[in-house]
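Trainee: Here is what each chain is made of, one letter per residue.
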Amino acid sequence: MRFLGRLKGINDVLERVVRGLGGALIAVILFALFASAATRYVTGIGYDWLTELPPQLLPWIVFPMIGVLLRHDGHVTVDVLPHFLHGRNLTRLRAVVFAFSTLACLAFAIFGVDAVGFYQRLGQRTATEVEIPLWLLYLSFPIGFFMAASFTGEALLRLLVRREGDAPVAAPGGRA
Amino acid sequence: MIALFGLSALALAILSVPIFLVFGVSSTAVALWGLKLPSAMLMQISFDAMTKQVLVAIPLFLFAGNVMLKGGTARRLVDLSLAAVGHLPGGLALAMILAMAFFAAFCGSILAAIGAIGTVLLPTMIERGYPKAFVIVLAACAAIIEALIPPSNTAILYSAITHVPVTKTFAAGVLPGLVLMTLLMLYTLLVCRNMPRPPRASWPVLRDAVLGALPALLTPVIIIGGIYGGLFTAAESAAVAGVWGIVLGRYIYRELTLKGLWEALKATAESTTVIFAIIAMAIFLSIVLTYTKTPQAIVEYMVQLGITQVTFFLAAGLTLLFLGAFIEVVPVFYLTLPIFIPVIHSLKIDTLQFYVFFTGLVGIGLLTPPVCVGVYMAASVVREPPERVFKAVPGFIVIGIIYAAIMASFPWLATWLPSKL
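The listed protein sequences correspond, in order, to chains A and B. The first sequence begins at 133 in the working numbering and counts up by one. The second sequence begins at -13 in the working numbering and counts up by one.
Since the hints were derived computationally from the structure, they do not count as laboratory data. Be careful, since some hints might not be right.
[Said to hold, decoys possible] Take a look, some chain A residues computed to stay more than 10 Å from chain B by CB distance:
#1 L136
#2 S282
#3 R290
[Stated by the list, open to error] Just some of the chain A residues that point at chain B, by a computed CB distance under 8 Å:
#4 R151
#5 G154
#6 P187
#7 G206
#8 T209
#9 F243
#10 W267
#11 L271
All values reported here derive from a predicted model rather than from experimental measurement. Heads up, the beta-carbon is just placed ideally off N, CA and C, and yes, glycines get one too.
Construct all of the structure, not just a fragment, from the sequences and the given hints.
Mentor: Right under this line is the structure:
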């Protein structure tokens, strides 16, 4: 229980950071592209990096946020089976899904670490005006999936140690 | 190989594993162990798919919708629609369809439209005795107009997958969007003909409504005019729409607080993740299909069967209706388009015609249970259990089928406007 409490505390902090990062990066994308259009319209001069930067920021919004959405039941699912299950059977299904999600996220995180190492050794950079090392973009993948494993692991543990009267753990599906 | 993918994906989906993991795990397993592809290559492909320039417009149009929702724009559009058509039979429902069409020209998100317009109009309609199930499903169905009238995130996705210029897909959706709007209005007039009719809005009321909505109505002029005038790219136009949304909400309507703006940014990051997580993982399926030459095999099979355009439209329509009952819009795009596109090329069907046919039917999937996110969203606005409104769904499926039949029969509805721009 103490471990679960600590894990929850860490994940709460991670979630705040990830949400803040996501909102801030959306603002950067918004103003970069607005500035790109505005400078070209006003001065007749376009800055390539203003249009090239925003797509490169998307992975740093998406992958870290994947875990937050898994934690809060925010991803798209085919929500059929949970409609037919109740009580203990539904809890078992949730446990299976959270366990599977944790394993899958860990596997993706490990693949990601391998791939980031590979691209770091290659030294490849983006073909943009401001060259960014590819591994720096790809790093969002393993970091995001490690965090996602932490979030789903917490959800699984909460489900396993849940007692009568505890607040329900988010269903694996539901958004759909 | 494909059978392995199909079986594992089906099993995971039935267990209600999130769809992005269904795509990711099934395709990765086939790619790594079946096709012996390196994991580094898969990751590179995933990042390439996510970082396409055109796709960056999606979060920005989502943001434009979110910020206009919090900034009071939606209410002005509803006031204008009520003043324009509120006095007709079923006037409130007609006003909702019209307001959805207006809102469609500002942002690209179906769910944002249901939230923005439905929140204002649905409680009033129910209070005035409109059939609850009908108006809730109508809100979800009217939002499909959002998917057709530009700027539309579905058009951007379709362009990203099929490499058709987004300016073409945007233009292709205009007339079909108006056709769908007309069909929905006719159905509404039929169902709500006996509803109480409020008096016609006086000229001062109509004038105030127009003046109130005027700054908001400039938005589509800025977006569409900017794109087709050659001033902006699609992504830049989305950014301009977002910044204009902030100016509208904060300085013109004075309803957007800094807290609201920050919430809109965070909500956009969440919605972006839902869509892009699927894009990042679903692209693995395309790799599997490419390496196994599945689309070519399907095309050859269809050629051997002597399939015609009509039979293809029928088969594709049934497939989309079936998939739409279980899967959401974005996964359906990535699951079916890599297979459909080579077939429509071989049958000489116009890509834009197929876009409007496809989008309408995929949109109907937002209504068909058990997985009907549009109905869930509209029902949650008025806190109604979704299962109580399912009885109203079949009528709208018929509307969707009529729409699809029109699109399959009259390709010029999709191709005429793009050819003029």
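Trainee: If a hint holds in the structure, say so; if it does not, say that too.
Mentor: Structure-based check of each hint:
Interface exclusion of A/L136 from chain B stands, the closest Cβ pair being 23 Å apart, more than 10 Å. With 10 Å as the threshold on Cβ separation, the claim that A/S282 sits away from chain B holds: the shortest Cβ distance comes to roughly 16 Å. At roughly 18 Å from the closest C-beta of chain B, the C-beta of A/R290 stays outside 10 Å, upholding its exclusion from the interface. Taking 8 Å as the C-beta cut-off, the interface hint given for A/R151 holds, the closest approach to chain B being about 5 Å.
For A/G154, the suggested interface contact is upheld, since its CB lies about 3 Å from the closest CB of chain B, less than 8 Å. Here the hint on A/P187 is kept, as its CB sits about 4 Å from the closest CB of chain B, short of 8 Å. Contact between A/G206 and chain B, as hinted, is supported at the beta carbon level, the nearest pair being about 6 Å apart and thus within 8 Å. Taking 8 Å as the C-beta contact cut-off toward chain B, the hint placing A/T209 at the interface holds, the least distance being around 5 Å.
Evaluation of the A/F243 hint against chain B yields a held restraint, the C-beta minimum of about 4 Å falling below 8 Å. Restraint check, A/W267 versus chain B: the minimum CB separation of about 10 Å is more than 8 Å; hint violated. Because the beta carbon of A/L271 sits about 11 Å from the nearest beta carbon in chain B, more than 8 Å, this interface hint is broken.
Going through the hint list in order, the structure does not satisfy hints 10, 11.
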